[in-house]
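> With chain A fixed as given, assemble chain B onto it according to the hints.
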Amino acid sequence: MMNMLEATQAVCRRLSDDVPVVASLGNPGLNLFNAQPGRQRNFYFRNAMGSASSLALGLATAAPEQRVVLLDGDGSLLMNLSSLASEGWRGPRNLVHICWDNRMYEMTGQQATATSGPADLAAIAEGAGFPKVERAETLAAFEAALERALAGDGPWFILAVVAGERAKRNPANPKSATGIRHRFMGELGA
Amino acid sequence: MINMLEATKALVKHLSDDELVVAGLGNPKFTLMEAKDRPRNFYIWNAMGMTSSIGLGVAMAQPDKRVIVLQGDGCLLMNLNSLATEAWRAPKNLVHIVWDNRMFELTGHQPTATAGPADLAKMAEGAGIEKVERVETLPAFEAAVQRALVEDGPWFIHVLVDDQRAGKAPPKSPTFIRHRFMAALGLEG
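Sequences listed follow chains A and B, in order. In my numbering, each residue's number is its place in the first sequence (first place is 1) plus 227. In my numbering, each residue's number is its place in the second sequence (first place is 1) plus 397.
Just to be clear, a hint being listed does not mean it is correct.
[To be verified] Simulated restraints, written as ranges between beta carbons of each label pair: (1) B:410 to A:233: 54 to 64 Å; (2) A:397 to B:400: 41 to 51 Å; (3) A:412 to B:460: 48 to 58 Å; (4) A:412 to B:415: 50 to 60 Å; (5) A:293 to B:566: 46 to 56 Å; (6) A:317 to B:505: 28 to 38 Å; (7) B:540 to A:368: 33 to 43 Å; (8) A:409 to B:415: 56 to 66 Å; (9) A:228 to B:566: 46 to 56 Å; (10) A:291 to B:560: 52 to 62 Å; (11) A:334 to B:460: 32 to 42 Å; (12) B:571 to A:378: 27 to 37 Å; (13) A:337 to B:458: 45 to 55 Å; (14) A:370 to B:562: 50 to 60 Å.
Calculated directly from the structure, the hints in this document are not laboratory data. From a predicted model like this one, the values you see are computed outputs, not experimental measurements. Cβ atoms here follow ideal geometry from the backbone N, Cα and C, with glycine treated the same way.
Isolated chain A (complex conformation) (with noise of 0.2 Å):
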């Protein structure tokens, strides 16, 4: 099974600085700061679970011209589902909706999702229309899923099943959620 912060790093390496990364509270945003600590365009998520990908696909629909890439949890996307439709209908090209799916809260001490049960992340995201749906289970089908979404017309989602582990928590992660915005919109020039 992938290891988040492994597959993680497999995105840093592929995206050029200039390209926008939102990323989800918890593990998602936690293993970003490690993958790459000194990226600057990231828009790391404190506290407000489930919006980071209402959020992405606001940015992707404001700045077209720009790439948008999302890094999600499933129990975070399980509690704003309703946004996968209007991914799917609002159909932005440029965005690549990444969902890690571990299967689990696990910060919150390993709850179970509904990904444990029948849930299926990437059926759904079909059902609510996205064009590109690709499901990854090892690293190096990850890795070829993010290359034609890096290359290819989206909206891509990509479900990528992860193993429960928890990252590491660096004393330099960025903290305020105000330092994190203002630095993300002066990156943009906004």
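This is chain B only, laid out in the frame that chain A set:
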């Protein structure tokens, strides 16, 4: 295309007095009121999106009774999360009927995501609901309902309906509706 009122009338013909019906705000509850008012109808005022969550809770709390949820596409699109919970908890007695008119009819015919590429039946399947039916004619709807009332669920019946507005308002007081519903179940409100 199916008319929501005709389909609701067909549905209530197949019901005994035993089933619980939870109807979402707007046309689903107005239509249910017009088709047949009964104490075991729970009409939701204003709490858009919550129909499926309330229906799931009622089905889990009343496992020996069939629970029928009548919800619109706009309402469900606000709370797609509930599909994953329904499929996971999987109460056998739940029959989730979605009237899909592809618009927010009552607020002025604004299109919903099902006017675009979203397919609620596919999303329900993706959520893990095994018994999913998609119907476009009244006979197909009645056949699906008859199966859903006797075979184990949870069921998801996706009904493509026209955009006609329904007429009859249920009682206005949510407190009255709740007390009447709970009393019909022999529960203290």
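> Next step is simple, just say for each hint if it's right about the structure.
Hints, one by one, checked against the model:
1. B:410 to A:233: 54 to 64 Å: This hint holds: roughly 59 Å between Cβ atoms.
2. A:397 to B:400: 41 to 51 Å: Cβ of residue 397 of chain A to Cβ of residue 400 of chain B: about 60 Å, so the range 41 to 51 Å is violated.
3. A:412 to B:460: 48 to 58 Å: Hint holds: Cβ distance 51 Å, inside 48 to 58 Å.
4. A:412 to B:415: 50 to 60 Å: For residue 415 of chain B against residue 412 of chain A, whose Cβ atoms are near 58 Å apart, the range 50 to 60 Å holds.
5. A:293 to B:566: 46 to 56 Å: holds, 49 Å
6. A:317 to B:505: 28 to 38 Å: Since the Cβ atoms of residue 317 of chain A and residue 505 of chain B sit about 20 Å apart, the hinted range of 28 to 38 Å is violated.
7. B:540 to A:368: 33 to 43 Å: holds, 42 Å
8. A:409 to B:415: 56 to 66 Å: holds, 60 Å
9. A:228 to B:566: 46 to 56 Å: holds, 54 Å
10. A:291 to B:560: 52 to 62 Å: With a Cβ separation near 32 Å, residue 291 of chain A and residue 560 of chain B fall outside 52 to 62 Å, so the hint is violated.
11. A:334 to B:460: 32 to 42 Å: With a Cβ separation near 33 Å, residue 334 of chain A and residue 460 of chain B satisfy 32 to 42 Å, so the hint holds.
12. B:571 to A:378: 27 to 37 Å: The hinted range 27 to 37 Å is violated for residue 571 of chain B and residue 378 of chain A, with Cβ atoms some 53 Å apart.
13. A:337 to B:458: 45 to 55 Å: violated, 28 Å
14. A:370 to B:562: 50 to 60 Å: 52 Å Cβ-Cβ, so the 50 to 60 Å window holds.
Checked against the numbered hints given earlier, the structure breaks hints 2, 6, 10, 12, 13 and satisfies all the rest.
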